[in-house]
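2 protein chains.
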Amino acid sequence: MEAILITIGDEILIGQIIDTNSAWMGQEMNLRGIKVREVISISDTKTDIIETLHKAFEHADLILMTGGLGPTKDDITKKAIAEYYNVGMTFHPPTYEWILRFFKKLNKQPTNAHREQCFMPNNAVLLENKMGSAPGMWFDEDGKVLISMPGVPYEMKSIMRDEVFPRLNERFISKPIAHRTVLTIGEGESRIASRIENFEASLPGNIKLAYLPNLGKVRLRLTAVGENGQDLEAVLDEKVELLKEYIPELIFGYETETIEEVIGRIFKEKGKTVSTAESCTGGFLAHKITSVPGSSAYFNGAAITYSNELKQKMLNVSADTLQKHGAVSEATVIEMVKGALNTMNSDIAVAISGIAGPDGGTPEKPVGTVWLAIGDKNKTETHKLQLWKDRIKNIEYTSIFALNMMRKFLLNGTIR
Amino acid sequence: MEAILITIGDEILIGQIIDTNSAWMGQEMNLRGIKVREVISISDTKTDIIETLHKAFEHADLILMTGGLGPTKDDITKKAIAEYYNVGMTFHPPTYEWILRFFKKLNKQPTNAHREQCFMPNNAVLLENKMGSAPGMWFDEDGKVLISMPGVPYEMKSIMRDEVFPRLNERFISKPIAHRTVLTIGEGESRIASRIENFEASLPGNIKLAYLPNLGKVRLRLTAVGENGQDLEAVLDEKVELLKEYIPELIFGYETETIEEVIGRIFKEKGKTVSTAESCTGGFLAHKITSVPGSSAYFNGAAITYSNELKQKMLNVSADTLQKHGAVSEATVIEMVKGALNTMNSDIAVAISGIAGPDGGTPEKPVGTVWLAIGDKNKTETHKLQLWKDRIKNIEYTSIFALNMMRKFLLNGTIR
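Protein chains in written order, with my numbering: chain A, -15 to 400; chain B, -15 to 400.
Just so you know, these hints were derived from the structure itself, not from any lab. Be a bit skeptical, because a hint or two may be false.
Identical copies go unnamed one by one, so any copy, or any two together, can satisfy a pair.
[Claimed, not checked] Below 30 Å or equal to it, Euclidean Cα-Cα: the simulated DSS-like pairs (lysine-lysine) are: (1) K92 to K392; (2) K19 to K39; (3) K252 to K322; (4) K392 to K89; (5) K92 to K368; (6) K308 to K349.
Please take these sequences and the hints and turn them into a complete structure.
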């Protein structure tokens, strides 16, 4: 059972956008035991689309195609598909009604192009798009399946989750395959590898371990292939238990959880609240925390104090401390935590002050110097990071690091 | 003159890494007037590589291939190429000497695998790799060129710059091509399409227009192909000027600029400062503003007031207003702007309060209801959005919308 992913659009060929859809789809197919044989990007011309479909179906039983579905006239994917299958196109009233409702909500009027968009190849099964106006399409002919979706990543993902995965599970049965993903934070790939060397050596031939690192976090994915699905689940559960013994403090969750979701759950369990006092991260930590639905139950708020004036005014950091130690210092972040606890009346507060870069460093405090503090009414602990010259990377890494500080402080009462 | 890019490696097919090499190479080819016809990712198996080479050379005169050149044993690209060309492989002493010197510098010992790596297809012209141990290779047979390079991005780029570009310039002369990207915000793809219908109709056959939408923004890309490069630049400049007449208020920038960079530049020009008062966006607007290097020159800070208590305490919103109108109301965001101007002492303040979802809506204020306000000491303007059920999408769209409010308020003194 092999699949080919096709992305349509000149913007990929000329390098104007990076194709992230394929990576996401590749991961999802892999998790389902469907082998992606090839990823192909082509231009949005009818002949190229038709020719690529012909070639791809020579090798694959499943094609996932993204891009080229939208209201403007450069979108010719649907016409190419209709021509490929040698079918006509028909106006599809429910889709037009959906578009009308969608636009009504936005207080806007659909255009003629939106009406055009509702013509669909006659053999298409339409896949509802909750995030946009163009539905996806499912074709099942001669034992082979073609799925066509819009290229906008959140629209594609929404259609995949709600419409495509259930249909794929029903339509294709493959060799049992099982996965467990163990989520770690706090150590790099190679240090984890050396700590779990004996664990890796203990794995039988039908279980593979993959390291999936991503800025401050490493996912460990165990994949087992076999004849009996139930056995696979049991042996993977065992292996995960064994892995926990090697790196207990690094594991923050499993499967698709995020660190901010895990922390949210712990806050709710403990009935505690939190606030942040951020300088160089500029609100990114608050954003990560509030990206979780229901975070208002434990997140009171944040003071983003970019200027020294605001550190004094909003967080009561003393002018003396700022002058003596500077804004990027242990003394300052300790006072920021105290100020945040007071001003924002939370059980726990996190403070961050650093030099995100690319400019603004000094010989004593080079770009990438970041001080963090976390505390409650009883104690405050601090940590210093020495990061990179890349502004966005520094902001993101620091915020993830702060989330892990919150996790440790909540669970153990200390970040040590 | 058409090229095909091939990336080799299972890690791309299973989505473990995102293929950024192709986007970079696509841009570089495009700048040189070489049309990239297709981007293909395949697994590192000999048969797949050979078959893909055969198919690709049916359509293209130039193939750029990355990945599969390295010291580990799964790298079989070179053997596949030798088999494709039906030539043998020979040990290449200069490459081995280069590897020995390279490892001496790193204070490491090469392994046997590194010696293996020095066997090259007999018809290869070697391309020096200043950044790693595996050289690139150039093949020129039957009027068609194949270039094979390591997949490590900085190694590939170094070989491209030093070895490939000069050879390509010498070997191929291609048709001039030119691009302009016009960045718009504030209207969807189809509405823009209907507003610029006459503009599109006025474009000569050698100029193509593409719509590249992305949550609240649409990029319009004009591509011109012709015989004379200078003429193309001139005619595109003319067309961009013409386009401005159709949608003047929607255009915020050109080429690769971001809305937050453009706003940063305007703030600096006007010598004004800004602060934000955010509820449902949870700091994401502050993050967007501070993602720009040097934003401390105009961004004072933000109050992320998730709870009503903090709206009162940090922004001086009256308990009366909150009780009468609710936290998500025009009256509340107006008071938040006033409070932000006072507390954070900025020239301009933006306030946001809404229901990001997925829960928390009521019949009068469903999920996706968002109130925004922007003001200075003289006046405050408001806007209501009715968005989706998707939390992250609502947060991101609202923040982009707020950035555009800032742009209009700065430039015209009003968001109307």
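Against the structure, the hints:
1. K92 to K392: between (48 Å within a copy, 21 Å between copies)
2. K19 to K39: Both, since 17 Å and 21 Å are each at most 30 Å.
3. K252 to K322: within (23 Å within a copy, 33 Å between copies)
4. K392 to K89: between (44 Å within a copy, 24 Å between copies)
5. K92 to K368: The answer is between: 14 Å across copies meets 30 Å, while 50 Å in one copy does not.
6. K308 to K349: For K308 and K349, the Cα distance is within 30 Å only inside one copy (14 Å; across copies 50 Å).
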